[in-house]
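Number of protein chains: 2
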Amino acid sequence: MDHLKLKFIIAAWALCLTVVVKAQDKNQLVYTDVASLPLTGKVLPTKNPYHRVDTATYPALPKAVKYLLTQSAGIAVHFTTNSTKIGAKWCVKDNKPGVNQVPINQKGLDLYIKRDGQWVFAGVGKPSKECNEGVLVQNMESGTKECLMYLPTYDETTSLQIGVEKNASFRVLPDPFSKRILIYGSSITQGAAASRPGMAYPARLSRETGLNFLNLGLSGNGKMEKAAADMIIDIDADAYILDCVANPSPEQIKERTAYLVNTIRKAHPKAPIIVIQSVVREGGNFDQVIRKRVADQNTEIVRQVTALQNAGVKDLYMIKGKSLLGTDHEATVDGTHPTDLGFDRMLTELKPQIIDILKKYGIAGK
Amino acid sequence: MDHLKLKFIIAAWALCLTVVVKAQDKNQLVYTDVASLPLTGKVLPTKNPYHRVDTATYPALPKAVKYLLTQSAGIAVHFTTNSTKIGAKWCVKDNKPGVNQVPINQKGLDLYIKRDGQWVFAGVGKPSKECNEGVLVQNMESGTKECLMYLPTYDETTSLQIGVEKNASFRVLPDPFSKRILIYGSSITQGAAASRPGMAYPARLSRETGLNFLNLGLSGNGKMEKAAADMIIDIDADAYILDCVANPSPEQIKERTAYLVNTIRKAHPKAPIIVIQSVVREGGNFDQVIRKRVADQNTEIVRQVTALQNAGVKDLYMIKGKSLLGTDHEATVDGTHPTDLGFDRMLTELKPQIIDILKKYGIAGK
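If you read the sequences in order, they're chains A and B. Start counting the first sequence at 19; every next residue gets the next number (this note's numbering). Start counting the second sequence at 19; every next residue gets the next number (this note's numbering).
Please note: incorrect hints may appear among the correct ones.
[What the hints assert, rightly or not] Straight-line C-alpha distance at most 20 Å; calculated PhoX-like pairs for lysine-lysine:
| no. | chain 1 | residue 1 | chain 2 | residue 2 |
| --- | --- | --- | --- | --- |
| 1 | B | 310 | A | 114 |
| 2 | A | 147 | B | 147 |
| 3 | A | 103 | B | 144 |
| 4 | A | 114 | B | 114 |
| 5 | A | 111 | B | 114 |
Quick caveat, the hints were computed from the structure, so don't treat them as lab data.
My request is simple: use the sequences and hints to build the entire structure.
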């Protein structure tokens, strides 16, 4: 046997072994790497599929913004399978969880399955280290299921393989949501204190309306910088929601709002722009400094948007935020970040107002 | 100078130094150790003030139950101060946080201040290691505040000092809630996936009703063992709520319910006993095994309670749990544990039913 033949046989044997190893995985699942397959909730196409924006294209962006754009908030995989068990192997960076965060939300996976036309929670992928493996749901009825698996909200996903039973079907589908509504914002938009990736409020809006709300939440850094505005206009969307009052100072809101709004308006002349006041900071219930800062931010954004409307900027809307978190002061984890309870109350207020505006522009869910 | 005098001078100097060190603390606060002061929400008096039950007194309890009873779930400090800044130094054990848990809830502190007769969220103590130090709220108006600071829900608190400004008043008060209603249960009762210690549902019930709901939630271990029943009867209460269907198997529910209920009834002949069905497990939306187990648990508890009622056990009530988490399947972190959203929905259902029963027995909040 010549050397080349031997090499070939070894390679073929290694390949077979790999296949066998796959089938004999501890959860008895066969995995597909989804890196090169279509993903749901993508803000822009990117080289690294799990990044939100290719930051190399935007050198002027602040370093913190670039970093946050590598986190997979809002990205999901839409697929069908007839497997009765669904698992995953995924890797994230070794970031320390925030003390106000649930690891499942930060680094985990969140699976929904369509039932009677509704996306219904099915299970989570629990993270324990950089590279993780787990069954999200099992013991299901037979038959084909339409699935939506959300990626980690607050970490960079470096790889993802979805596992189904041997001989089960597995097909990745295009984004199930219609139109594109970009939400640019803060940690609240990104979903800092959601319990699971699918509970960040843009994700909930998508599942509940059928419209594609895209998560451009930037924890602590949705500050309306010029470089951010110049990046945002490259994101083609049917509507732009600006939920970015929480991070910039009142002075920055004064200086930056007009450029952001005018830049979007010029690049996307017909798309409605909806500005949302910041939620009440429960940290300001007794801390007068926090209370004043948020009041000043919210006053300044109304002043700026009103001035722009008066100056003739069309299709520009303002949603006020006074009771976005209810009235019992119990809807945040730390006085700043809404929990799932906070998001639920926000959506009760925001969703009908957003939908009403979008409807005027023919933007409606499937 | 004789030796004794020298010793005295050194001791006095050390004492002064301690005082100076206290006053020059990095947050400019003066701390009081509350270990020997009255605590709120105590199930039983204990040698270690931050334990819920002295487990040495109950050698027959399962090891896991003993361990969980060292965790400070539901314990709080009620105090007044005229300080405009409140901080704390506290130590917990080095337990790894659960992937479904927020560290602030597991190991942190949660502060409320009374405003217009309502307990209003003021701030949290953020944990980062075993011994922590932080400001919970600052920049407050002058004047005396009535405060309630909850201890960690899912860890053993080994020490707690509360800090107020130099020259500010600080006075620990007795438990502000009236009567005593014990809630024996699972991780749901203990508050596994609450966002903060004060968001576990017994704590919310206390603040909202003025009644003293005592947290005897035992994560994964509220299994109605004989030894647990024999311990529970030592806890003097005006009512007993049994929210302990989640952990025992249907067979254990069948075997153990009668002993638990009869033992409480015998020891506390006049106290109402309220049994609550388990919340729907969202993990059973598609997993047929989970779905069947929870259905069997809930069926069995109804069967057992009905049999006891039919056998003549008085003042025994059953609250059914079908829609305790709402209908959108979004109220848990992991398919099992309600988030703050889940607790909010549970209370919407449970609170009026519990209050109605308690009222019949003259048990009403201040």
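_Please list, smallest to largest, the hint numbers that this structure does not respect._
1, 3
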